[in-house]
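**Q** For reference, the chains in residue letters:
Number of protein chains: 2
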Amino acid sequence: MIFDPWSIEDVEDYDRLIKVFGMERVTKEIVERLPQPNRYFRRGIVFGHRDLNRIIKAIENGETYAVMSGIKPSGEFHFGSKMTAEQIIYFQKISSKAIAFYAIADIEAWEDNGLPLEKTREIAVDNLADLLALGVDTKRLYVYRQSEELRVLAWGAFFARGLTRNLLEAIYGEKHLGMYISAIIQVADILLPQHSSFGGPKPTIVPVGADQDPHIRLTRDIARKYDSLYNFIPPSAVYHKLQKSLGGEGKMSKRDPMGYLTLNDSPELARRKILRAFTGGRESVELQRKLGGMPEICVVYQTWLYHVEDDDLVRRVFEECVMGKRICGECKLQLAEIIGKYLEEHQARKERFKDYARQLLEERLMLKTLRR
Amino acid sequence: MIFDPWSIEDVEDYDRLIKVFGMERVTKEIVERLPQPNRYFRRGIVFGHRDLNRIIKAIENGETYAVMSGIKPSGEFHFGSKMTAEQIIYFQKISSKAIAFYAIADIEAWEDNGLPLEKTREIAVDNLADLLALGVDTKRLYVYRQSEELRVLAWGAFFARGLTRNLLEAIYGEKHLGMYISAIIQVADILLPQHSSFGGPKPTIVPVGADQDPHIRLTRDIARKYDSLYNFIPPSAVYHKLQKSLGGEGKMSKRDPMGYLTLNDSPELARRKILRAFTGGRESVELQRKLGGMPEICVVYQTWLYHVEDDDLVRRVFEECVMGKRICGECKLQLAEIIGKYLEEHQARKERFKDYARQLLEERLMLKTLRR
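Residue numbers (our numbering), protein chains in the order written: chain A, 1170 to 1541; chain B, 1170 to 1541.
Take the hints with a grain of salt, since some may be wrong.
As the list makes no split between identical chains, a pair holds if one copy fits it or if it spans any two.
Here are the computed lysine-lysine pairs in the DSS-like style, where the Cα-Cα straight-line distance is at most 30 Å [unchecked claim]:
#1 Lys-1188 x Lys-1420
#2 Lys-1344 x Lys-1394
#3 Lys-1420 x Lys-1197
#4 Lys-1394 x Lys-1188
#5 Lys-1371 x Lys-1288
#6 Lys-1197 x Lys-1394
#7 Lys-1288 x Lys-1394
#8 Lys-1371 x Lys-1510
#9 Lys-1308 x Lys-1459
Keep in mind the hints are simulated off the structure, nothing from the lab.
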């Protein structure tokens, strides 16, 4: 029987990233050096990193650093984007010298999903309102649409020099030109905090899902390639595990709207999604009472683990489950209630941030405070 | 013996463009409809076009149109760039409703020649001073560096969607990613005059060398592809013949600096280049007196034809040559004197335009008058 609620997930793929691609493991020692580690760190959901030590040193020495990530505005803010956003907010909050950058990847939404820039403009405002409601500090935030950020587009074109078909296909597979452009623009996004107009080279931490590592590797290669020109510091990264689809098959995908929760879901819709989710329950209540549930394969438990803040509560859920004291139906209802309440509060907060989100994007207010 | 000084050049390759790629021939009838046709039109140097009729109609009806081209700031302004520039100036001058656009292709200079943007900034100012000295009307001019023009970079990324490896390699051969980005940015350059911020769709004429037709074809395809979104009018084009290297082998190339004249050459340097140029002369003065020269293979005659304004004089040079009344040495000296005087006057004019060129590029003065 497993008695550790924080390290139950299948990590074979994650091990491969560590062994084959030289990602480093987030150890207990590293987590202990982080100020007030959030639940993603406490619970091993952030399992890998590159050069996180550089950021920890910057925090300890009170030096400026950037935290950079983004969102593809192809739909609502789902719980995977929420993980990235909460990581940004965490790294922004733990040091007064941290500056957050948030890219609205509207070029990617066009290249990958065929959503015209006109359509994604409004989605971007909505997404940003979510980020604000989650608690980002706008005094130390630079947010932008890729299609409106000259520095990113020009750097993207600049960095593209010499990238061969072989290299691109090895990383991304055979794609149309727009996908490769989108990839190189993302490299420019990640290096933007080091642009001279933002004060030049600085440590940068990029919190992303584990599947985004190819972008990080390419960016670090390019940072080294243009080191003599820009003195880039190769960006650091932390990688979190990916959420499974509520249906239990594969990773969450926008192609199956009932497979994931979003910050826009009504409490009732979230409840329905949770109630039909795949669990690690046994064939019968009797068997479950006898053998206990299987949280290691349960997406309901994964949702507890990733999204419910209270460590004691989540530990209790885990223990009751594996000891057969918790039946899936009641577990789902309890989770649905907690998530529903969270959504209600979040959406009320978000409502108050909508106008401000539009202002930030349309009037680019942040530029004045961040540009030197 | 050939007695037509205007149509002596080998046009096999040009015929191929017309037959295989659907370019149209510039006929006498078309030239007659153009107001005050310049020497390139009068002398058949502009041999092909696409949709030139649309521009002629705009001129006749007093409707707005754009003339668009550019320069790669990889060195000095050579006499090939001068041909394009003079075509821009011609199409700008013949109608008060014409607006000229001039792209400084610094992204292309980086992708193709590895010249960093920092290095090409000054070259761009110098190139623009040449354009101004050649006589462009700055009240109806928009000039920009690609790396600083958000609309072009964003449209480039936008238009890249769906362009497959097969298509790109068929047009441009197997190149690194940067070259393809440079190509799609050039498409955006050509469509920029039709951007809503410049008043939306309008006929556009693009004067280019015959070797640039692939860009024009791709641009016209993309204009049609996004017709429903932007109502693009497929750009028109006029194609001029390419100048041969002064050495007589192939087209002028920046790889052989003695092979071409530039607007920065001192009269003395231009003289030396002309004196060592390949001619259509015979083995001996006696033979030349007897058989006449061969202007059809002579780059010195080509320079008379392309760059000396006076029709009567050029006709006389041609006739004297084919009739054996003109010896290469004296012909070169006479040309060197005319070109030398031209360069002297041009360079004096240019000197007065340098500060203004810098202002135009750095302060983007034109935006105010051209944006609606």
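**Q** All hints are to be evaluated individually against the structure, with a verdict given for each.
**A** Verification of the hints:
1. Lys-1188 x Lys-1420: within (22 Å within a copy, 54 Å between copies)
2. Lys-1344 x Lys-1394: Both ways: Lys-1344 and Lys-1394 sit 24 Å apart in one copy and 19 Å across, limit 30 Å.
3. Lys-1420 x Lys-1197: within (26 Å within a copy, 66 Å between copies)
4. Lys-1394 x Lys-1188: Within. Shortest intra-copy distance 24 Å satisfies the 30 Å Cα cut-off; inter-copy 46 Å does not.
5. Lys-1371 x Lys-1288: between (34 Å within a copy, 25 Å between copies)
6. Lys-1197 x Lys-1394: Neither: 33 Å inside a copy, 55 Å across copies.
7. Lys-1288 x Lys-1394: between (36 Å within a copy, 18 Å between copies)
8. Lys-1371 x Lys-1510: Result: close neither inside a copy nor across copies, 39 Å intra and 55 Å inter.
9. Lys-1308 x Lys-1459: neither (54 Å within a copy, 86 Å between copies)
Hint check: violations occur at hints 6, 8, 9; the rest are consistent with the structure.
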